[in-house]
Amino acid sequence: MKIVHKVIAANILDIVLIALIGFFAYSNVNLVLTKLHFAEIADDLNASFLEMRLSEKNYFLYEDASALGAIQQQAKHSLQALEDSQEDITRAIGKQNFMRLKDDLIRYQQAISQTPAAGPRKQLIQEKVREAGHELRDFSERITRLERSKVNQIISESRKWLFTALCIFLLSAIGVTHFLSLNVVKSFKKIVKIAHSISEGNFSRVDPPIPDDELGAALRAINSMSDELKNREEQIVQSKKLASIGILTAGVAHELGNPLNNISMMAQAYQELYNSLSIDERLGYMKKIEDETERIQEIVKNLLDFSKPKKAKLREVDLNGVLKKTLKLVQNMIVVSNVNLEVHLTPRLPAVYIDEHQIQEVLINLMTNAVQACSPGDNISVDTGPGTVESMVKVEVADTGKGIPAHFLPNIFDPFFTTKGASGTGLGLSVSYGIVKNHGGTIEVHSEEGKGTIFILELPIRRLQEETHERS
Amino acid sequence: MNGHRIMVIDDENIVGKMIKAVLEQDGYLVETFLNASPALARLKEEKFDVVITDLKMKGVDGMEVLHTVKSESPQTKVIMITAFASLDAAIEAMRGKVDDFFPKPLKIKDLKACIERLLSAG
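Protein chains in written order, with our numbering: chain A, 483 to 954; chain B, 6 to 127.
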């Protein structure tokens with residue numbers, strides 16, 4: 483369910499709730515109005531009944547003959563009033579009660595009208611009239627009282643219900659707000675986190691499950707953006723590589739220029755001096771020309787080696803042993819540069835699964851870089867030890883040389899990137915990076931300008947490689 | 006008898022050897038150097054008529070040779086050899102009052118003609 487649907491559902495629920503409360507309150511108010519209206523009518527009737535009974539008292543007690551007419555008049559008037567308001571009264575107290583009230587009144591009226599002027603019969607009728615009058619008044623008062631108490635009850639019940647509904651409404655409002663802040667804010671935080679990771683150059687996709695709501699839509703958009711960025715980056719790298727080929731070509735042309743010039747000059751001198759040269763000298767010229775062509779062949783071969791990396795021949799090797807061999811190769815360079823070397827090899831490390839020669843190339847590269855970064859008197863340290871994860875073994879090559887400017891760090895593994903000017907090819911670290919990556923290892927660099935640089939190389943031990951193979 | 010002194014500085018051994026072989030046939034006295042520092046030291050001891058130097062060399066380069074020679078011995082001619090790739094630098098070198106320049110691959114006949122021209126103008 484989408485967030486917007488959840489919010490709409492919650493809102494609809496609230497609106498329905500408000501409508502119900504409103505309707506309930508409206509119908510209650512109507513009911514109360516009806517009851518109050520009845521109370522008004524009932525008051526009038528009661529007053530009329532009271533007057534009727536006063537006249538009745540006058541008639542029977544003081545034998546006031548005119549009072550009889552007044553009673554009849556009042557009874558008729560009351561009946562008329564009762565019938566006029568039949569609808570309102572029925573609505574308030576129900577048809578049964580209305581009928582009873584009316585019957586009582588009619589009975590009273592009949593009793594009055596049957597009253598003779600005097601005699602024992604008058605006495606009898608008097609009782610009957612009194613009884614009917616009493617009953618009428620009693621019933622009407624009872625009903626009026628009942629209706630008033632009903633009004634009170636309705637109002638107090640309404641109050642209770644309104645309060646409950648208000649509570650439910652408030653709770654649901656709080657619930658919706660809480661849900662929004664929790665869900666929406668959480669979603670935004672997730673999106674922000676992913677966006678940050680992308681801005682740091684990590685173009686990984688968001689792992690499923692991706693929810694089927696707005697967050698999901700945003701995550702899918704981020705995924706496609708990430709893919710697109712990755713594509714663009716690959717295109718940029720590709721065009722950078724093409725640009726670099728231009729630089730490489732210039733370098734190769736320069737490399738080839740010298741032997742070509744030598745061949746050309748020897749061929750010219752050979753022709754110029756032909757007559758004065760002995761047979762052996764002539765052969766010497768030809769031999770040298772051959773040597774120079776071999777030099778060109780060597781350059782071309784190296785270039786091909788670079789563009790077509792050899793397949794790694796992986797086997798279990800003791801990394802400390804590889805390091806010792808490598809150190810022998812670079813020892814002379816270190817001594818000549820007047821740099822101090824410290825070596826700390828952790829004994830009994832698990833064997834790494836590597837192509838010894840390729841890793842040696844990487845190590846030579848790192849150490850050569852370290853030496854070149856150092857001034858006489860600086861220190862280089864080479865350490866081995868367990869890796870950051872159990873399946874890795876690490877080598878650290880650190881120097882106290884000039885360091886790498888921070889803005890160069892992101893590029894130092896790029897092909898043809900060099901900080902050494904014309905003397906660097908910009909291939910050493912990019913080739914090293916490729917080799918380490920092929921081995922399933924990692925290489926990272928930390929550097930501070932003026933303080934030094936540390937390269938951390940981690941190589942996998944056999945177990946990891948086998949697992950990877952089994953899986954793939 | 007020619008007897009003009011010519012110095013060749015180039016870190017490629019064969020360049021000096023070939024120039025020397027050809028020019029000696031014409032009676033020039035040729036000395037070759039693989040880098041500029043000993044060559045400049047030698048220039049302090051002996052006056053040379055022509056210095057032929059490569060532009061791009063490790064350590065002291067051709068430009069520095071040119072400036073040193075021209076300031077210490079203005080009448081000495083300097084011919085610059087340069088790889089085709091650094092032609093722009095060669096033009097810059099011309100502005101630095103080089104007497105002539107040749108791109109690689111070097112034509113020895115042209116070089117010879119140039120030396121003769123420079124010496125007769127001399």
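Just so you know, not all the hints are guaranteed correct.
[Claimed, not checked] Below, a list of computed lysine to aspartate or glutamate pairs in the EDC-like style, where the Cα atoms sit at most 16 Å apart: (1) B:52 to B:31; (2) B:25 to A:689; (3) B:63 to B:104; (4) B:117 to B:31; (5) B:61 to A:843; (6) B:61 to B:115; (7) A:795 to A:843; (8) B:117 to A:754; (9) B:117 to B:17; (10) A:793 to A:843; (11) B:114 to A:696; (12) B:75 to B:54; (13) A:668 to A:709; (14) B:63 to A:737; (15) B:112 to A:754; (16) A:672 to A:689; (17) B:22 to B:36; (18) B:25 to A:696; (19) B:22 to A:695; (20) A:488 to A:737; (21) A:770 to B:77; (22) B:22 to A:754.
[Said to hold, decoys possible] A partial selection of chain B residues facing chain A, derived with a Cβ cut-off under 8 Å: (23) 79; (24) 84; (25) 88; (26) 111.
For the record, the hints were derived by calculation from the structure and aren't laboratory data. On a predicted model such as this, the values are computed, not experimentally measured, just so you know. We treat Cβ as the ideally placed atom computed from N, Cα and C, and that holds for glycine.
The hints, checked one at a time:
1. B:52 to B:31: 19 Å, violated
2. B:25 to A:689: Violated, at about 73 Å.
3. B:63 to B:104: 23 Å, violated
4. B:117 to B:31: Measuring from Cα to Cα gives roughly 9 Å; hence the hint holds.
5. B:61 to A:843: 29 Å, violated
6. B:61 to B:115: 21 Å, violated
7. A:795 to A:843: 14 Å, holds
8. B:117 to A:754: 11 Å, holds
9. B:117 to B:17: 19 Å, violated
10. A:793 to A:843: Within the cut-off at roughly 14 Å; holds.
11. B:114 to A:696: Given that 16 Å is the threshold and the Cα spacing comes to 81 Å, the pair is violated.
12. B:75 to B:54: Measuring from Cα to Cα gives roughly 12 Å; hence the hint holds.
13. A:668 to A:709: 24 Å, violated
14. B:63 to A:737: 14 Å, holds
15. B:112 to A:754: With a Cα-Cα distance of about 11 Å, the restraint between residue 112 (chain B) and residue 754 (chain A) holds, given a limit of 16 Å.
16. A:672 to A:689: 12 Å, holds
17. B:22 to B:36: With Cα atoms ~9 Å apart, residue 22 (chain B) and residue 36 (chain B) stay inside 16 Å; holds.
18. B:25 to A:696: 83 Å, violated
19. B:22 to A:695: 81 Å, violated
20. A:488 to A:737: Answer violated: residue 488 (chain A) to residue 737 (chain A) is near 71 Å, above 16 Å.
21. A:770 to B:77: 37 Å, violated
22. B:22 to A:754: 14 Å, holds
23. 79: Because about 30 Å separates residue 79 (chain B) from the closest Cβ in chain A, which is outside the 8 Å limit, the hint is violated.
24. 84: 15 Å, violated
25. 88: Cβ of residue 88 (chain B) sits 5 Å from chain A, so the hint holds.
26. 111: 6 Å, holds
Going down the numbered hints, you'll see the structure goes against 1, 2, 3, 5, 6, 9, 11, 13, 18, 19, 20, 21, 23 and 24, while the others check out.
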